[in-house]
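Participant: Listed below are the residues making up each chain.
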Amino acid sequence: MSEFPQPVIDYLRSLELEKRSPAWLLTDSAGDLRESGGDLAEYALDKIAIGENVAERAFFLDGIIPFDGGKSIVLECVQTDGAHPADIHLFKLGNDGFGIVFLDANESQTRQQAVQQRGNELNLSYRKLQKEIQKKEVLLHCIVHDLGGPLMGIRGGFELLEREALSDEGKVLLEIGLRQARRQEQLISEILQAFSAEIASLDAFQIDPALAPSVITAAKSAIELLKPAFDLAQVSIKLDLEGPPPLEQERWRVAGEESRLQRVFANLMENGLRYSPAGSTVTVKLVDEGPSVLATIEDQGPGVPAEVQPQLFQKLSQGKRGKGKVGLGLYFCRITVEHWGGEIGQKAGTSGGSCFWFRLPKAA
Amino acid sequence: MQQSRESQYLRKKVCLLGAFAVGKTSLVSQFVKGIYSDKYLTTVGVKVDQKSVVVGPTEISLAVWDLAGEDEFQKVNMSYMLGARGYLLVADGTRAETVETARLLRERAENTVGKIPFVLVLNKADLTTDWEIEDASIADLQSQGWSIIRSSAKTGEGVEDAFSKLVQKMLGDK
Chain A
4 MSEFPQPVID YLRSLELEKR SPAWLLTDSA GDLRESGGDL AEYALDKIAI
54 GENVAERAFF LDGIIPFDGG KSIVLECVQT DGAHPADIHL FKLGNDGFGI
104 VFLDANESQT RQQAVQQRGN ELNLSYRKLQ KEIQKKEVLL HCIVHDLGGP
154 LMGIRGGFEL LEREALSDEG KVLLEIGLRQ ARRQEQLISE ILQAFSAEIA
204 SLDAFQIDPA LAPSVITAAK SAIELLKPAF DLAQVSIKLD LEGPPPLEQE
254 RWRVAGEESR LQRVFANLME NGLRYSPAGS TVTVKLVDEG PSVLATIEDQ
304 GPGVPAEVQP QLFQKLSQGK RGKGKVGLGL YFCRITVEHW GGEIGQKAGT
354 SGGSCFWFRL PKAA
Chain B
40 MQQSRESQYL RKKVCLLGAF AVGKTSLVSQ FVKGIYSDKY LTTVGVKVDQ
90 KSVVVGPTEI SLAVWDLAGE DEFQKVNMSY MLGARGYLLV ADGTRAETVE
140 TARLLRERAE NTVGKIPFVL VLNKADLTTD WEIEDASIAD LQSQGWSIIR
190 SSAKTGEGVE DAFSKLVQKM LGDK
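Chains as they are written, first to last, in my numbering: chain A, 4 to 367; chain B, 40 to 213.
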C-alpha cells in the first residue's frame, strides 16, 4: 500500500473519530483485556476491567475471541440490546494478542435498512400476486370445465333432433343452435388446452424421434378438419411444399406431439379464415430449412393492425379485434411451439394480408 | 472459557440462518421475550440476544445470533458463524423455495464451521391454507438425518421445542 501523507491520515482519522465513535480493546492471546479506550460506553464495554476476559464480559464476543484463521475479521452491523449497532473489526496483534475495534454502524444500518426493507417487501408482494393469479387460473379452469359438461348434452340433443322430421324453418334454427353449441365447445376446448399446455410447459420436454409428428400430416389433418368451415365461408385453402417430397416423411418430422401440432395448425388456419373475405385463399406453406421446418399460414385479409401486433400472442389479447373469440388460440400456439423449442411470429403477407409463421426443430 | 470450566454454567453461541422474511427475528423475539409482532422489519447485519435455558442439571446461556436473511441482492456473511456451536435453519412453510435456500445455507455453514448440530425449522405453521411444503419433502430431509420442527412465531408453537432440540443435539443428547 502506498504511503499516505499526514494531512490525509489526519483527515481520515478525524472523520472516523467524529462520525463513528470508535472504541477499542486490546487483549492478550487468551482474550484477557490489556487496555481499552474510545467511546466504550456506547457499545456497553465500559465495565470490562483490565485482566478480565472480554468474551466472558461481552457475550457477543464469545466463541470469536480468541480466533484462529486469517489476520482479521469484520462483523458488520452487530446489534445488541443497550448498545449502538457496531461494525466490529477483529485483528491479530502479532502472536501475542488481539485488537478489537468498534465503529458506530448507525448511519449505514439506517441506509441499508431502508433499501432492503423496500426490496424485500416488493419481492414478497410480487410473489403473493403470482400466487393469487395462479389460484384464479385454477378456478377459471374449473369453471370452464364445468361449463363444458352440460354443453355436450345440449349438442347431443341437437344432433339427435337432426334425425327427426323438422320443418325447413326448424332445420335452420336447429343448424344455428348446433353451430353455436359447437363454437362454444371449441371455445371451452381452447381455454382448457391453453391451461393444460401452460401446466405441461413446466415439465421437462424430450424429443422422441420415434413419436415425432410429420408436419405435413399435421397440416393436412388440420385442413381436412376445417375444410367445411372454409367451404361455408367461400374461402379456399391450399398447401404448398418447399423441400423433399411428402413421401420422405422422416425429413418432415419435427419436435412435438401430433394432436397438439394439428391444433396449432388449426388455430392458425382458423385465424386466417376469420379475417379472409369470400373468394380469397389461405395458403399454408411448409419449408424444409435443414435443421428445422418453417410453416407459414398466409391470408388475403386486411392484415393485423400495428397496434395489435405486440400483444398478438399474449393471453386474452385477441378479443380486442372484435371477432368474438377470447384470444387463447394464438396464446396456445405460442406456449406450445416455444415448449417444443421452436419460435412463432407474425409478419405482413405478400398480398397485404397477415402471415403467421412458426419454426420447429426437426426431430432427428 | 475460563468461567465455564470453573462452574456448571455453559455458554453456547447459536445462529439462525435462512432466506429473508422467513421469521427468524420473530422466532428469536418469541423465544427470548415472548413477544410477536406482525410487522415485518428486515434485519441488517446481525442481532445478538441471550437467553438462559436449563437442560437437566445444566444451565446454558445461549448467545442467539439472528443473521440477516439471504436474498437476491446479498449473501449471508458466514463470518458471523465463527464460534457457533449449533444453528437453526429457518424456512417459511408458505414459500417452498425457502427450503432450498436453507439447504444451500447449510452447505455454506458446514464449509465455514464444519459439521455442527442444526435443526430445520419450518416456520409460519399457523398459515395452514398457504402451506406449500409437502410431507414427502419433509420425509426426504428426515431420511437424510435432518431434525425438523414446525413452528409458529405467532402462536409460539414449536419455538421452545426448536431451541431445546438444538441444545440437546449440542449437548450430544439426541
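Hints were generated in silico from the structure; no laboratory data involved.
The structure displayed is predicted, hence computed values, not measured ones.
A few of these clues could be false.
Stated by the list, open to error - Using 30 Å as the maximum straight-line C-alpha spacing, the simulated DSBU-like pairs for lysine-lysine come out as follows: (1) B/114 with B/154; (2) B/114 with A/95; (3) A/138 with B/193; (4) A/139 with B/90; (5) A/50 with B/114; (6) B/114 with A/134; (7) A/95 with B/154; (8) B/72 with B/90; (9) A/241 with A/230; (10) A/131 with B/193; (11) A/74 with B/72; (12) A/22 with B/114.
Participant: List, from low to high, the hint numbers that the structure doesn't satisfy.
Facilitator: 4, 5 and 11
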